[in-house]
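Based on these hints, arrange chains B and C on the given structure of chain A.
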Amino acid sequence: MYEFNYRRASSVSDAVASSGQSDDASYLAGGMTLIPVLKFRLASPSDIIDLAGLGELKGIRTENGAVVVGAMTTHAEVAGSSEVRQPIPALADLAESIGDPQVRNRGTIGGSIANADPAADYPAAVVGLGATVHTNSRTIGADDFFTDMFETALEPGELVTAVSFPVPDRAAYMKFPNPASRYAIVGVMVSQSGEEVRVAVTGAGGSVFRVPEMEQALAVNFAPEAVAGISVSADGLNEDIHASPEYRAHLVTVMARRAVAAAG
Amino acid sequence: MTLTVTMTLNGESVSAEVEGRTLLVQLIRDHFRLTGTHVGCDTSQCGACVVHMNGQSVKSCTVLAAQADGAEVSTIESLAENGELHPMQQAFKDNHGLQCGFCTPGMVMSALDLVANNPDPGEAEIRDWLEGNLCRCTGYHNIVKSIAAGAQAMRS
Amino acid sequence: MDTGIGAAVTRKEDFRFLTGQGNYTDDIARPGQAHAVFVRSVVAHANLRSVDTEAASAMPGVVAVFTGDDLEGVGGVPCGFAPDGGPMNEPPRPVLAQGKVRFVGDMVAMVIAETLEQARDAAEAVDVDYNEIPAVVSMEAAQAEGAPTLHDLDDNSCFSWGIGDAEATDAAFARADHVTTLELVNNRKCPNAIEPRAAIGEYDSAHDSYTLYTTSQNPHVIRLLMGAFVLGIPEHKLRVVSPDVGGGFGSKIPHYPEEIAVTWAGKQVGRPVKWTAERTESFLSDTHGRDHITRVELACTSDGEFLGLRVHTQANMGAYLSTFGPLIPTYLYGTLLAGLYTTPAIRCDVVGVFTNTAPVDAERGAGRPEATFLLERVVETAARELGIDPVELRRRNFIPADALPYQTPVIVQYDSGNYEGVLDRAAEAADYAGFARRREEARSRGRLRGIGFAGYIEACGMAPSNIAGIIGARAGLFEAAQVRVHPTGSVSVYTGSHSHGQGHETTFAQIVSDRLGIPFENVDVVHGDTDQIPFGMGTYGSRSLAVGGSAICKALDKIIAKGKKIAAHALEAGESDIDFESGEFRVRGTDKSVGFGDIALSAYVPHNYPLEELEPGLDEGAFYDPANFTFPAGCHICEVEVDPETGTTQIVNWNAVDDFGKIVNPMIVDGQVHGGIAHGVGQAMLENCAYDEESGQLLSGSLTDYCIPRADDLPSFHIETTETPCPHNPLGVKGCGEAGAIAAPAALINAITDAIGVAHVDMPATPEKVWAALQSAQGE
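Protein chains in written order, with this note's numbering: chain A, 1 to 264; chain B, 1 to 156; chain C, 1 to 780.
Next up, chain A with everything else stripped away, as it sits in the complex:
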């Protein structure tokens, strides 16, 4: 790691102010991605602003029928929360599928979505469940939040404070993990809320994306067979030593169909 200045923020406004005063600050949430990145010397922030002390960013509450997850809530907390599992079991299951127990004990939802790893699970939840991202200065709709690989709509210094998930009628997440990293090669979140159906795919492309053709078919008939014949184009999908674009495209259909079946 390159050397940096470390400080703990005392409040959200303190964190944002510190960030504004720094040459090049990084917020530190759970650190499950940032610390490995620093260890590989792939980033050299002048300042690390640790958000661990910000109680206001922690915890899960129900608000206006939505499940609101504080940005510093860990994956383990989301997976183990009856306030999540009872209304949105798909979200608890997704959190349970992230990384390993030690990663889930440290990693946070805010850190995950701000990092916007194309193979991370949470982007599928945010987009697939039509969530709203709350920051220190505004709210951002799910479809506007993830802009590209490792890119989000967040402005420099802007801090995610919470993610608000509306409760769907039904939803499920199916993940085909990378055998080594256990990130998603393909992960598909499917949800239905009244007339609206969302199918969000992570892992397959440069950023999480929706599959309108599947959504339309499911809006007519929310059944596995409705998506069985629909495939996404392999063009532009990710390619690595574990999976070709063609295989990823195939898995999108399989995982979507299984997610619909699991959503019941």
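Hints were generated in silico from the structure; no laboratory data involved.
These numbers were taken from a predicted model, which means no experiment stands behind them.
Keep in mind that a hint or two might mislead.
[Claimed, not checked] Once the Cα atoms are required to be at most 27 Å apart in a straight line, the calculated DSS-like pairs of lysine-lysine come out as:
#1 Lys592/C <-> Lys145/B
#2 Lys93/B <-> Lys558/C
#3 Lys145/B <-> Lys662/C
#4 Lys592/C <-> Lys558/C
#5 Lys662/C <-> Lys93/B
[Claimed, not checked] Stretches of chain C that chain B covers, calculated by requiring three or more beta carbons in the stretch to come under 8 Å of a beta carbon on chain B:
#6 11-19
#7 507-517
#8 707-716
Glycine included, C-beta positions come from ideal geometry on N, C-alpha and C.
Same frame as chain A, but now just chains B and C:
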């Protein structure tokens, strides 16, 4: 920039001067010379560095020492008392749950967090929990047996 | 509690490992130590225009920066084997690059600083100007007409070697009814011991002597190679210590340039120099394993009698020859191609090729997994092509139990075994008869179930030294032991074998306890320090018990023989009338006896002692050179279920029956088999060391890309053993450490191809490969 980190390490209050970039595992191993916690990788996969921080298992290679300021940290060295192995350690010995021993401290610390969450884990639950702990010697067969036996011993 | 030979004794070493008190190389902090970081080539093939260390040298905390120029005159890293039968190109391997780099990870410079982070900071400031040359990554590219050459040679070939009677094999094929042919890739693996390599070099000016702490499976071999061939340090001035070592799997056999660099630099900077690999560095610079491309043909009669086997293999050596690199794809490979069968004519030709990749050397099994994979794949495929049950086809061709010892057409002579008995027992344990029913049941759940067999034989316990010399080894392959009985009857055993997980401290103590009739607790085993151990060839090739254990037995024989002389004097009897049993020296046919402890005391307090004819003391050493290899054999049966929609394979049953001869500690043996299977499953399903074909960059350079098996990738295993004792060593033991890794890949690929009904899937059989194979099968 140096910082002072104060923590409870294996029940004792300790403090040290560290750099911002110092990792918790470096503090434990290099400064406090508790070398039972190991480093086997640089991408948070292997779990040889698992310790408990505020009662939860964490990978100490992916935590800054500064983040542990004010925390309670316990390592493999904290388990045995007066030369008596903890029931989980004893189960690893009885079931040949270790060979080279390098992944073992992390395995044991991880297993204890599992049992804290699930006092009677089945084989599939144990295998699933061990996602963050790699062993290259045992094929996991005897580790799974050890953890099941250790959990049982801890229940009784 | 029984602690003798055959008892499942829990391990002596476990207490320290379980309490965090192991002492691995990186746990050692020498007073005043400085930290080394190596600057490694970021390109696969380049001439070095310059290596500018000026800025790095000026960085905070930097003690010294060295490049290849500083090491001029220091010998290169030696190779320990050159196969007979033809010349081998053996280009030099400098410790730090001298004008050229040949793989990503090749060492260019060494930065030493007060702290590790300072060394890392300064390593970044070393400015290397690379003049890139096109890289040759695949063996095909390396052998292409006009390919760039790595070394000052005409081409990239290392050796061309063959074994077996080519004419007889051609004749067998000419009269065959059926020929089964397979083109196979034996995928490159990274051994990935969980403990990364580490080394500390230290120079003591007071005694003009050096100490190297290193993560080695064979510290004496390192002392010999580094002392005699590289740095010119005589043995009495060089101590090599391998303390607790966190797994080896072959990757800690070779002598590595880092060991040389820290030892040399320790003297230059006048303080201990420590280096510990990061995992990324391990991927780049540890030796890799396997990496063969093979064409195999099996000639049969129409009723399945094997007539001949023809094998052509290209073996990737990497950029340089590692210590035993050329041994692996030659004598550890071609000699095992008879397998368990009576195939009368066998010919195997191997070419070794240099490429711009990390050096290849032993990885668990080393040559024998490659041989077993091709053989058991081609046998299983022949069974399918001929419409003969795979178990039946094997039975028709097994070497019968009464034909042993058996001379194969590829040099080696099998010592003992009952191959059909092993297969029968395994098939019964696996309920082969009930497989069709299980397959149907799986089909009803949308799963494709398959079963795969792999018989195997391996040559362990390397090796008679005279034979080793004839075939090209530049060392003997005996083992040494010292048994030191202390005055009060406790015993320290000094062994040249090295334990890095195998439990020697327990197994060897069982042997001593059993033979001397003394409590297990009274025996300690010491290993891994050249200043304490008389000599040693180390641990690899499943040799520790068969060779190292036998050396201990020979030393124990001497202890007992001397004890009888002392006892005869004490009991006033003739030496030939003394029997030794259960810790008592007894005058035959009388009730006169004396205990082992009394004899030990008498040896050190020789008041009533035959001093005229016998020296005091009870301390005996022995060297044991084996008469032959030992030949463990077995059968592994794997059952899988494939999800046809995703290609995901789940292993649902694993049954193995192995014959390791006599077993000293069945608990430890089971653990060795489990671990071996995991390595084999990893190779067959998960692990692939992948380089970019153009750039030579390592694509699988971290554990987020390179997949080693996790707990949820594997089932629990059902394993059993049968026993045909080894006839030529004192314990009747064979070897068990590599069996699983040898048998598993063929069993698993046979099961997967059976499940999905295709001829072949290359390793690792990833979900995508299995899915693609299903797609093309359905398209046909």
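Structure-based check of all given hints:
no.	hint	in the structure
1	Lys592/C <-> Lys145/B	violated (49 Å)
2	Lys93/B <-> Lys558/C	violated (34 Å)
3	Lys145/B <-> Lys662/C	holds (26 Å)
4	Lys592/C <-> Lys558/C	holds (22 Å)
5	Lys662/C <-> Lys93/B	holds (24 Å)
6	11-19	holds (count 8)
7	507-517	violated (count 0)
8	707-716	holds (count 7)
When held up to the earlier numbered hints, the structure conflicts with 1, 2 and 7 and fits the remainder.
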